[in-house]
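Student: Residue numbers (full-length UniProt numbering), protein chains in the order written: chain A, 1 to 113; chain B, 1 to 252.
If you're looking for bench data, these hints aren't it; they were derived computationally from the structure. For each residue, glycine too, the CB sits at the ideal point set by N, CA and C. All the pointers check out, no bait thrown in.
For lysine to any residue, the following SDA-like pairs were computed, each having C-alpha atoms within a straight-line distance of at most 20 Å:
{"hint": "1", "chain 1": "A", "residue 1": "Lys35", "chain 2": "A", "residue 2": "Glu87"}
{"hint": "2", "chain 1": "B", "residue 1": "Lys45", "chain 2": "A", "residue 2": "Val51"}
{"hint": "3", "chain 1": "B", "residue 1": "Lys249", "chain 2": "B", "residue 2": "Trp238"}
{"hint": "4", "chain 1": "A", "residue 1": "Lys35", "chain 2": "A", "residue 2": "Ile70"}
{"hint": "5", "chain 1": "A", "residue 1": "Lys35", "chain 2": "B", "residue 2": "Leu43"}
{"hint": "6", "chain 1": "B", "residue 1": "Lys87", "chain 2": "B", "residue 2": "Gly61"}
{"hint": "7", "chain 1": "B", "residue 1": "Lys45", "chain 2": "A", "residue 2": "Thr30"}
{"hint": "8", "chain 1": "A", "residue 1": "Lys53", "chain 2": "A", "residue 2": "Arg27"}
{"hint": "9", "chain 1": "B", "residue 1": "Lys182", "chain 2": "A", "residue 2": "Ala103"}
{"hint": "10", "chain 1": "A", "residue 1": "Lys35", "chain 2": "B", "residue 2": "Tyr183"}
{"hint": "11", "chain 1": "B", "residue 1": "Lys45", "chain 2": "A", "residue 2": "Glu12"}
{"hint": "12", "chain 1": "B", "residue 1": "Lys45", "chain 2": "A", "residue 2": "Leu44"}
{"hint": "13", "chain 1": "A", "residue 1": "Lys35", "chain 2": "A", "residue 2": "Leu82"}
{"hint": "14", "chain 1": "B", "residue 1": "Lys182", "chain 2": "A", "residue 2": "Leu85"}
{"hint": "15", "chain 1": "B", "residue 1": "Lys45", "chain 2": "A", "residue 2": "Gln16"}
{"hint": "16", "chain 1": "A", "residue 1": "Lys106", "chain 2": "B", "residue 2": "Asp41"}
{"hint": "17", "chain 1": "B", "residue 1": "Lys45", "chain 2": "A", "residue 2": "Glu40"}
{"hint": "18", "chain 1": "B", "residue 1": "Lys216", "chain 2": "A", "residue 2": "Phe96"}
{"hint": "19", "chain 1": "B", "residue 1": "Lys182", "chain 2": "A", "residue 2": "Cys38"}
{"hint": "20", "chain 1": "A", "residue 1": "Lys108", "chain 2": "B", "residue 2": "Leu35"}
{"hint": "21", "chain 1": "B", "residue 1": "Lys182", "chain 2": "B", "residue 2": "Gln223"}
{"hint": "22", "chain 1": "B", "residue 1": "Lys182", "chain 2": "A", "residue 2": "His86"}
{"hint": "23", "chain 1": "B", "residue 1": "Lys45", "chain 2": "A", "residue 2": "Glu101"}
{"hint": "24", "chain 1": "A", "residue 1": "Lys35", "chain 2": "B", "residue 2": "Ser44"}
{"hint": "25", "chain 1": "B", "residue 1": "Lys182", "chain 2": "A", "residue 2": "Pro95"}
{"hint": "26", "chain 1": "A", "residue 1": "Lys108", "chain 2": "A", "residue 2": "Glu40"}
{"hint": "27", "chain 1": "B", "residue 1": "Lys45", "chain 2": "A", "residue 2": "Ala18"}
{"hint": "28", "chain 1": "B", "residue 1": "Lys45", "chain 2": "A", "residue 2": "Asp109"}
{"hint": "29", "chain 1": "B", "residue 1": "Lys216", "chain 2": "A", "residue 2": "Ser84"}
{"hint": "30", "chain 1": "B", "residue 1": "Lys87", "chain 2": "B", "residue 2": "Lys243"}
Which stretches of chain B does chain A cover? Using the computed rule of at least three CB atoms under 8 Å from a CB of chain A, they are:
{"hint": "31", "segment": "32 to 38"}
{"hint": "32", "segment": "121 to 129"}
{"hint": "33", "segment": "154 to 164"}
{"hint": "34", "segment": "176 to 189"}
Chain A regions said to be covered by chain B (calculated; three or more residues, Cβ under 8 Å):
{"hint": "35", "segment": "7 to 16"}
{"hint": "36", "segment": "19 to 30"}
{"hint": "37", "segment": "85 to 97"}
{"hint": "38", "segment": "100 to 108"}
Next come the chains, spelled out residue by residue.
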Amino acid sequence: MHEISLLEEMREILQQQARRQHFSRVRQVTLDIGKLSCVEPEALRFAFDVVMKDTLAEDAVLVISVSEGIGVCQNCNKRMSLESLHEPCRHCAHPFVNVIEGADMKIKDLLVV
Amino acid sequence: MCGICGCGQPEQNHAQHSHHGHEHHHHDEHETERLVRVEQDLLSKNNRYAEQNRAYFQRHGIFVLNLVSSPGAGKTTLLVETIKALKNDYRIAVIEGDQQTEHDADRIRASGVPALQINTGRACHLDAHGIGHAVKALNVEDNSLLAIENVGNLVCPSSFDLGEAHKVVVLSVTEGDDKPLKYPDMFHAADLMLLNKIDLLPYVDFDVERCLAYAKQVNPDIQVMPLSATRGENFAVWIDWLKHNLSVKDAA
Ligand SMILES: Nc1nc2c(ncn2[C@@H]2O[C@H](COP(=O)(O)OP(=O)(O)OP(=O)(O)O)[C@@H](O)[C@H]2O)c(=O)[nH]1
Ligand SMILES: [Zn+2]
Ligand SMILES: [Zn+2]
Ligand SMILES: [Zn+2]
Ligand SMILES: [Zn+2]
Chain A
1 MHEISLLEEM REILQQQARR QHFSRVRQVT LDIGKLSCVE PEALRFAFDV VMKDTLAEDA
61 VLVISVSEGI GVCQNCNKRM SLESLHEPCR HCAHPFVNVI EGADMKIKDL LVV
Chain B
1 MCGICGCGQP EQNHAQHSHH GHEHHHHDEH ETERLVRVEQ DLLSKNNRYA EQNRAYFQRH
61 GIFVLNLVSS PGAGKTTLLV ETIKALKNDY RIAVIEGDQQ TEHDADRIRA SGVPALQINT
121 GRACHLDAHG IGHAVKALNV EDNSLLAIEN VGNLVCPSSF DLGEAHKVVV LSVTEGDDKP
181 LKYPDMFHAA DLMLLNKIDL LPYVDFDVER CLAYAKQVNP DIQVMPLSAT RGENFAVWID
241 WLKHNLSVKD AA
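This is chain B alone, in the form it adopts within the complex:
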């Protein structure tokens, strides 16, 4: 039974709910039609779950990152390398979102930390309700780092707050330097941008300065870290940022 939302669904594999798939209709053809007011925002429901999650994370000292990017920008690789750097000193758990397969969660488990895969099926983003259940199912420990790898998609994950402390957008240099202008909502919603695969800069036509200018244009407060997840260039900057945030959280 769902302790978070009282929806009566088992805890796992519960990203969608349909409750009772089939409603039994009565024969009320004789009744007259009437108009009922609803005035309910469909987009706001996710925000309510997100606020619940955020309060839960705060109470339990869980520092949560929501990683978003196009498919293949390097989120899982980045997480695996991050886990290697931090797992001896910090508790870490990972939630993986993909439309299909357990591949990413398997890669994370192989690096030695608990991971739960949410298969979103037709849906192209994770939502706050599914995250609430995943956190329970994973039994995320107090005072840990929880990384959520969102579905590879630069569009709709931007409108679904999960209750995270930071939305981190990963952009790789093989994708083109104008991505921030093409997907402004995502770069507007994120507060940190990891510019990944900088080891490939000599081989691609990617103007880092121009990309940063575009990112600042849609979000003047965005922080940017160019790095390489596979070669380790500047990776320490990211690790230091994480350690700093984890210690600030502990002091608070």
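Extracted from the complex, chain A is given alone in its bound form:
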């Protein structure tokens, strides 16, 4: 249920943005979720309407795009796509690959009025 606290963060960011960028309602939120971020898109969708109820984003549509995980091997320095954290290198089988992309969860843009 960690999704609920993330959505509560989101609600706060939307309220800040509304003051800063002068809008009063959010119609659509586009969210980019890294494949390695440990966030479940389905759980987010489920909780979104509940957390946004009675706020400026009530009835907003949540659009989620999932971005790829990318890592660089600590041993051979090769770049590769990752399906999960802690995957061994697919080139040299070294157990440690540094994650460089796909561990975050970003609000990209909003459709507002």
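Once you have looked at the hints, place chain B with the ligands on chain A.
Tutor: Positioned in the frame of chain A, the structure of chain B with the ligands alone reads:
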């Protein structure tokens, strides 16, 4: 009023904020839709609070541990025993995180040190913002040991830095020796693993060597201390580690 984040909320019971629960919408149906860029990472906000906490702890000489485990691994028992061993020589305070009840904080207070319970409600982890408020509310003294008992859960507390000096994962031998592989994020994020309840090893099928190998596989730098919180076996190793860290901090 929140001195740390300026969020205008009272200091206590403030793990969540909703600010103004209800926003008053204007009737702007006539306005046209526009797209605004945001590009803000939701996971990074916790990190900013964590860095604030860390700086505060450093300025005030507070040595902070974040204890994580599955439910029932023995975190509270371990803390109570730790307090007994150290309270005559060190200032200690405890923050307890649980979804419900004051039970753990009551157990800590009974051992003679200040404790604050944060009930996280639906949330399954403590976050850095809530910790900032708890530290103020508890009035944690300078140069003390602050132990934070996180919500019993091996998954998401791993992604929420609280500003601690060390994340300590407690694993008990009744949980199975493959836990480090099943919950690699947690064992990767921790720098110390306390393998608790070793008094029960004769009764359970738990291969200590295999467990340590798994832990090293996900985190080659992890330090491991097998011990028993209730029977006291090897407990001195942990107490020595704490004393060493507390003295290093004082010298710094
Ligand atoms: N045999 C044995 N039992 C232990 C040991 N440490 C803790 N226990 C028992 O394990 C049970 C759970 O201990 P707690 O200290 O409440 O565990 P916890 O991790 O704080 O639990 P939550 O806060 O619910 O996540 C209690 O019955 C303890 O007495 C130990 O070293 N050996
Ligand atoms: Zn969580
Ligand atoms: Zn490699
Ligand atoms: Zn606050
Ligand atoms: Zn406990």
